[in-house]
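Enquirer: The primary structure of each chain is shown beneath.
There are 2 protein chains.
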Amino acid sequence: MAKKTSSTRREDIVETAAKLFKQKGYAATTMREIAEQVGIEAASIYNHIKGKDELLAEICFRVSNAYIAQLTAIEMDDSSPIEKIKALIRLHIRIVFEDVDGISVANNEWKHLPESALTSFKAARRDYESRFAKIIEQGIEQGDIQKVNASVALFTILSAVRWVELWYKSDRQIAPQVLEDDIVSLLLNGLQK
Amino acid sequence: MAKKTSSTRREDIVETAAKLFKQKGYAATTMREIAEQVGIEAASIYNHIKGKDELLAEICFRVSNAYIAQLTAIEMDDSSPIEKIKALIRLHIRIVFEDVDGISVANNEWKHLPESALTSFKAARRDYESRFAKIIEQGIEQGDIQKVNASVALFTILSAVRWVELWYKSDRQIAPQVLEDDIVSLLLNGLQK
DNA sequence: TAAAAACTAACGACCGTTAGTTAGTTCTTG
DNA sequence: CAAGAACTAACTAACGGTCGTTAGTTTTTA
Chain A
29 MAKKTSSTRR EDIVETAAKL FKQKGYAATT MREIAEQVGI EAASIYNHIK GKDELLAEIC
89 FRVSNAYIAQ LTAIEMDDSS PIEKIKALIR LHIRIVFEDV DGISVANNEW KHLPESALTS
149 FKAARRDYES RFAKIIEQGI EQGDIQKVNA SVALFTILSA VRWVELWYKS DRQIAPQVLE
209 DDIVSLLLNG LQK
Chain B
29 MAKKTSSTRR EDIVETAAKL FKQKGYAATT MREIAEQVGI EAASIYNHIK GKDELLAEIC
89 FRVSNAYIAQ LTAIEMDDSS PIEKIKALIR LHIRIVFEDV DGISVANNEW KHLPESALTS
149 FKAARRDYES RFAKIIEQGI EQGDIQKVNA SVALFTILSA VRWVELWYKS DRQIAPQVLE
209 DDIVSLLLNG LQK
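Protein chains in written order, with the working numbering: chain A, 29 to 221; chain B, 29 to 221.
Among these hints, one or two may not hold up.
Said to hold, decoys possible - Derived DMTMM-like pairs: lysine to aspartate or glutamate, alpha-carbon spacing no greater than 20 Å straight-line:
| id | chain 1 | residue 1 | chain 2 | residue 2 |
| --- | --- | --- | --- | --- |
| 1 | A | Lys47 | B | Glu61 |
| 2 | A | Lys221 | B | Glu61 |
| 3 | A | Lys150 | A | Asp81 |
| 4 | B | Lys52 | A | Glu137 |
| 5 | A | Lys114 | A | Glu39 |
| 6 | A | Lys197 | B | Asp127 |
| 7 | A | Lys197 | B | Glu157 |
| 8 | B | Lys197 | A | Asp172 |
| 9 | B | Lys150 | B | Asp172 |
| 10 | B | Lys221 | A | Glu137 |
| 11 | B | Lys175 | A | Asp81 |
| 12 | B | Lys197 | A | Asp209 |
| 13 | A | Lys52 | B | Glu137 |
| 14 | A | Lys221 | B | Asp172 |
| 15 | A | Lys221 | B | Glu165 |
As the list claims (entries may be wrong) - Partner residues aside, some chain A positions facing chain B, computed with beta carbon under 7 Å:
| id | residue |
| --- | --- |
| 16 | Lys114 |
| 17 | Ile121 |
| 18 | Ser187 |
| 19 | Leu214 |
Simulated from the structure, these hints should not be mistaken for laboratory data. Here the structure is a predicted model, which is why all the values come from computation and not from measurement. Where a beta carbon is used, it is the ideal one built from N, C-alpha and C, also for glycine.
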């Protein structure tokens with residue numbers, strides 16, 4: 029059972045790191061702080077992971093893999109581009125509720141990844157973006173989407189949903205369902221009546 | 029002329045700091061790096077500023093003051109809420125072209141501000157947000173804007189325009205005017221045709 | 001020639017990480 | 001099935017490096 033205990037301890041370390049990386053940023057978070065929150069000494073962390081880098085990499089790739097897996101599922105679906113985009117917007121909102129800390133770290137701290145991991149993380153992101161853009165382009169071709177620059181639409185959507193990760197923790201006066209519906213409506217139909 | 033030289037040197041330090049804070053983050057940027065880019069020794073920086081904190085504070089408040097000044101001007105204008113919102117969206121895009129580094133730092137590194145500055149920065153941001161929200165609410169009351177939660181609309185707009193700061197540096201295949209028009213159209217009329 | 005602004009040198013704090021050790025648990029084997 | 005070997009995961013201590021900053025001195029400038 030040593031393996032089991034070790035693996036939950038390891039997960040505990042990674043989750044604690046994610047929480048602190050989000051809160052204070054990667055560079056400003058110390059191994060000693062992570063250890064303290066976990067309830068062990070800093071040196072003990074190294075029985076479970078190779079180094080601080082590894083913590084960041086694990087968090088970032090866990091998130092990017094989740095996004096890509098979900099995107100793949102949505103691509104498979106034989107619904108219209110508009111429906112796919114709606115599904116993707118909802119995905120970006122819902123995924124925050126499942127892993128706020130991870131999402132925030134992957135979005136804001138990825139630049140601190142070491143060289144090699146950085147390269148593949150950026151590649152994964154570019155892959156995600158170009159596949160998302162392709163769906164938008166299909167929607168434009170089919171005449172369901174306005175004739176805007178697809179990149180502009182892509183980044184505006186991706187950017188627009190990101191405030192959810194900042195908002196999530198706080199009071200949450202807005203019900204998740206209202207949030208999703210309002211954002212989808214705003215992005216699809218616009219602010220203007 | 030010592031004052032003049034000093035003040036441009038000082039500005040040089042602040043701008044270099046902004047560039048590096050954006051690039052590597054506040055915590056990961058060292059005074060020695062800033063000094064090297066300016067072409068002096070790290071210790072010499074302290075002839076111009078009190079400490080690293082002051083650099084961050086100056087950048088953050090320069091930006092927040094600019095936003096608030098512009099918002100005030102737009103509020104004064106006796107145009108419709110919709111027109112005011114359009115103007116604000118364009119403001120958020122244009123301001124990036126004038127001070128990318130500052131905007132990025134104010135948006136991403138403000139949490140490293142020391143206690144007291146942090147408090148007033150957050151207050152300034154809350155002030156900006158609530159005044160922006162008020163314009164949205166007026167638009168809803170007047171029936172020009174869809175009945176969505178005003179906070180959701182506010183944060184979606186503020187968030188949506190933020191990708192411009194990430195995009196700005198790169199190849200810039202999109203003309204600024206097209207960018208502005210597309211984003212305004214997207215947020216006001218929506219993606220769907 | 002006095003003030004401004006640069007320099008060199010170093011301090012104390014803290015960082016990520018390693019070494020060495022120990023207590024407890026699991027596996028192996030006579 | 002008992003006993004010792006091996007392993008796991010914690011600990012303390014400390015190393016080498018870097019950080020922001022200060023002190024003291026020299027150079028530049030108006």
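Enquirer: Now tell me, hint by hint, if it's right for this structure.
Expert: Going through the hints against the structure:
no.	hint	result
1	A:Lys47 x B:Glu61	violated, 29 Å
2	A:Lys221 x B:Glu61	violated, 51 Å
3	A:Lys150 x A:Asp81	holds, 16 Å
4	B:Lys52 x A:Glu137	holds, 10 Å
5	A:Lys114 x A:Glu39	violated, 33 Å
6	A:Lys197 x B:Asp127	violated, 30 Å
7	A:Lys197 x B:Glu157	holds, 18 Å
8	B:Lys197 x A:Asp172	violated, 32 Å
9	B:Lys150 x B:Asp172	violated, 30 Å
10	B:Lys221 x A:Glu137	violated, 36 Å
11	B:Lys175 x A:Asp81	violated, 46 Å
12	B:Lys197 x A:Asp209	violated, 34 Å
13	A:Lys52 x B:Glu137	holds, 10 Å
14	A:Lys221 x B:Asp172	holds, 6 Å
15	A:Lys221 x B:Glu165	holds, 13 Å
16	Lys114	violated, 10 Å
17	Ile121	violated, 11 Å
18	Ser187	holds, 4 Å
19	Leu214	holds, 5 Å
The structure does not agree with the numbered hints 1, 2, 5, 6, 8, 9, 10, 11, 12, 16, 17 stated previously, though it agrees with the rest.
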